[in-house]
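Protein chains in written order, with the working numbering: chain A, 1 to 447; chain B, 1001 to 1460.
In case anyone wonders, no lab produced these hints; they're calculated from the structure.
Ideal Cβ positions, reconstructed from N, Cα and C, are used throughout, including at glycine.
A couple of the hints might just be wrong.
Stated by the list, open to error - Facing chain B, according to a computed beta carbon distance under 8 Å, are these residues of chain A, among others:
#1 Phe206
#2 Glu209
#3 Gln317
#4 Tyr359
#5 His363
#6 Val365
#7 Glu416
#8 Leu436
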Amino acid sequence: MNSERTSKTAATAGLLAAAFGLAAAADARAGQQEGAWVIENARIHTLVEGADPIESGSIVIRDGRIVEIGEVSAPEGATVVDASGLDVFPGLMDSVSQLGLTEIGAIAATVDTAELGEMNPHLKAATAIHPASEHLPVARANGITHAVVAPGRLGGFGGGGSGISGQASIVHLDGWTVEEMDIEAGAGMVLSWPTLSTRSFNPATFQPERRSFREAQEAYDKAVAELGEVLAAARRYHEAGSADSRRRDVRLEALSPVIRGEMPLLILANRAREIRGAVEFTKEQGVRMILLGGAEAWEVTDLLAEEDIPVILGPTQRLPGHEDDPYDRPFTTPGELHAAGVTVAFATFGSSNSRLLPYEAGHAVGYGLPQDAAIRAITTVPAQLFGLEEDFGTLEEGKVANLIVVNGDPLEIRTEVHHVFVNGVRVPLDNRHLRLYNEYRNRPRPR
Amino acid sequence: MRRQRMAALTLPAVLLAAPLAAQTTVIRGGTVLTVTNGVSEGPILIEDGKITAVGGEVHVPDGAEEVDATGMFIMPGIVDAHSHIAAESINEGSVSVSSMTGTGDVVDPYDINIYRELAGGVTTSNILHGSANPIGGMNVIIKHRWGADAAELVFEGAPPGIKFALGENPKRSRGTPPGVQPRYPATRMGVVDVIRQAFLEAEAYRQEFRDYEAAKARGERLLPPRRDMKLEPLVEVLEGTRLVHAHCYRQDEILQLLRVAEEFGVRIATLQHVLEGYKVADEIAAHGAGASTFSDWWAYKVEAYDAIPHNAALMAERGVLVSINSDSAEEARHLNQEAAKTVKWGGMTEEQALATITINAAIHLGVGDRVGSIEVGKDADLAIFDRHPLSTYAVNQMTFVDGRMLFSREKDRAMRESAAAERADLEAKLAESEPPRRGPPGRGTPGPGAGPSGSEGGRR
């Protein structure tokens, strides 16, 4: 964690703005202040297992952390935020996003989501996250305080090719540099599971292509076998011990934490048979798996529950995969998985739409997912999945102060976000959209 | 002209719809969100597909079907002013003016998205041509009469329209597919030129016919001018009988279109997407165009980088009639939630928000007298939600089109069960009749791990 860096943020803000006359930057950072904070008179949803919300209480924040919570009085010098009638929740966590890796989807020059090649375990998202991306303040303004940023072609379901696209990084959605944003640079190894498909699209010829099922099966088996070989090579490399005497292989080195079970494989798979294949593979290999996407996870709930494989679901608001699926198949899947005892988290897999995270979770509530499970699935659950439960996911003394102050249920669209704290600092809610809105709202009537 | 063909299409719809709708239904209980007359209590009386009473003491004829909506919220069926579902194809992009084509010729009544959207409360959709060219094809407005054939889906009596498109798409910013010839225009200058040239051609064409008619009236015997199927829809645009729905993003291109249209005395019916509409809201209002926009999409291309979720509210504040559309079979399934975003971003009232997906969209499409609100005399197109439809948790329970309940959660569950039973039956028969094979060859053949929907088919 980097709480010691936090206090620099606000001071540097003022200096930089003054030095370069960056009026816009100064405005954007105007709400940020260092020092202690106290949020008073709030309904506090700690999300601590089994604990009811605190109907009216205070949260004291110092040096990036929650230091006191409950019936406490404001420490001297603390900046007071009156939250009468408001609700405090842990900051929302987008469990898979591409925040900071892409700015304008159609302009390749602004897109750093996926590298060439199928075996890039040594690449890290954090090395390409653009701290000045306009997407970050937009997501933040709707309560997203931290996010997993994952490399790879994650948008399509099964259409993105297969292989290891690199390491996902977890970042605060605020900071002057990516180092200040850092929570965990190597949080998981992203693997797009091979798809067993007879149809594909060739972008070079702009034509759909078909192959026989046997060919598809053979290609699939070969791809899975190759993955096994890569992990075997990583194991041999690791077992050979110190790298002093030979040439380092950064690829195999990067896989070390995976084979040691310290870093989860984040496996993007949507079809049931591919999910089965991935589960079987990780079991054989003795590595940890978190399933990403999981469009057909509902078909294999028992397997996922038995093997204790958590699922970071792709957007709830998507079309069913098949014409004869129930119309609400993607809406009911989260509730079905939860009922079967599968651990579920939500993610947007995107960037500009990361702010929609609470609604992806909320949409599942109407279709059977308990409301408290939906909130946990974007706060406490992802923190646990990535081993961050000591610092994130609930409101407790000692935890990193990533939290939001809202006027109601954060899963409801009409609820407004009043304050956002990232790493113990209240961040401005200003963003590109608000700036344009205010600018043009004040446009004089044309003559 | 084109109208003849439309008439041929719509006639059977009228004949067939009438007997099917000849029934009386009363919806009791629930909160009625009329959209145009505030919130009311029920009941709602439906006779012959029309709303005949809302609230008060309603005389219910014997034998009327009773629907219990206690605790629920009844709103007008949702109207989606921008859709591409239920069409076999949508882009004739080989030419820069494709006004001779139209989605009405390629309606696909079996598209499952008609039903999926019906389940989300959508009852009317504007099926537009794509945005490949400055002047695209003609549109068709459908009602989500799931189960009806192509002709019956068509919203009878809806005014015809046509798609225009500006900016990155018609200028083919992302290049042309391999083997495809580059095509004029390649700039926004060219786009506006193509539109002006087309209007000039249409004017000249109209004049030819006027001259011919005048000569005929004088008793001269002349051959009539040759008909041009590309220009006839554009003459209708000049005459104001065909509505222009124009895809646009940036404020400069929006203004250019309005000015070119004004040059020819044309009023643009709707600006579609219109993501920078908030920058020129006064000009849009002065021209009298409607604006049909997305709730909050942005940054997917340069011309969407200045998109803001306050767009709808800001344009409305400046006097523009605004609707929220989907342009997506997925988004259309939760337009109620998209409308809720106008409350969050820009502070629209709940009633204004609901209007963006009902009456405003209906007015945009020229069917505001038929649908879009719960009023006596209007079509009985209704969506019934279990909670206030602006809630994230609201689930549509029933959808009525022309007074017929074409979707309900209950019916849907029953259909699923019978479909599952049928599928299991077929799979069992297949297993009996076929020796085991290696490698199932195609759609729907069950294999280990394929599961009930493990097929290669479907729409992706």
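Structure-based check of all given hints:
Taken as an interface hint, Phe206 (chain A) checks out: its beta carbon lies about 4 Å from the nearest beta carbon of chain B, inside 8 Å. Interface hint at Glu209 (chain A): violated, since its Cβ lies 13 Å from the closest Cβ of chain B, which is beyond the 8 Å cut-off. Against a cut-off of 8 Å between C-beta atoms, the interface hint on Gln317 (chain A) holds, since the closest Cβ of chain B lies about 6 Å away. Contact between Tyr359 (chain A) and chain B, as hinted, is supported at the beta carbon level, the nearest pair being about 6 Å apart and thus within 8 Å.
At its closest, the beta carbon of His363 (chain A) sits 6 Å from a beta carbon of chain B; the interface hint therefore holds under the 8 Å criterion. Taking 8 Å as the C-beta contact cut-off toward chain B, the hint placing Val365 (chain A) at the interface holds, the least distance being around 5 Å. For the restraint placing Glu416 (chain A) at the interface with chain B, the shortest Cβ-Cβ distance is roughly 7 Å, inside the 8 Å limit, so the hint holds. Taking 8 Å as the C-beta contact cut-off toward chain B, the hint placing Leu436 (chain A) at the interface holds, the least distance being around 5 Å.
When held up to the earlier numbered hints, the structure conflicts with hint 2 and nothing else.
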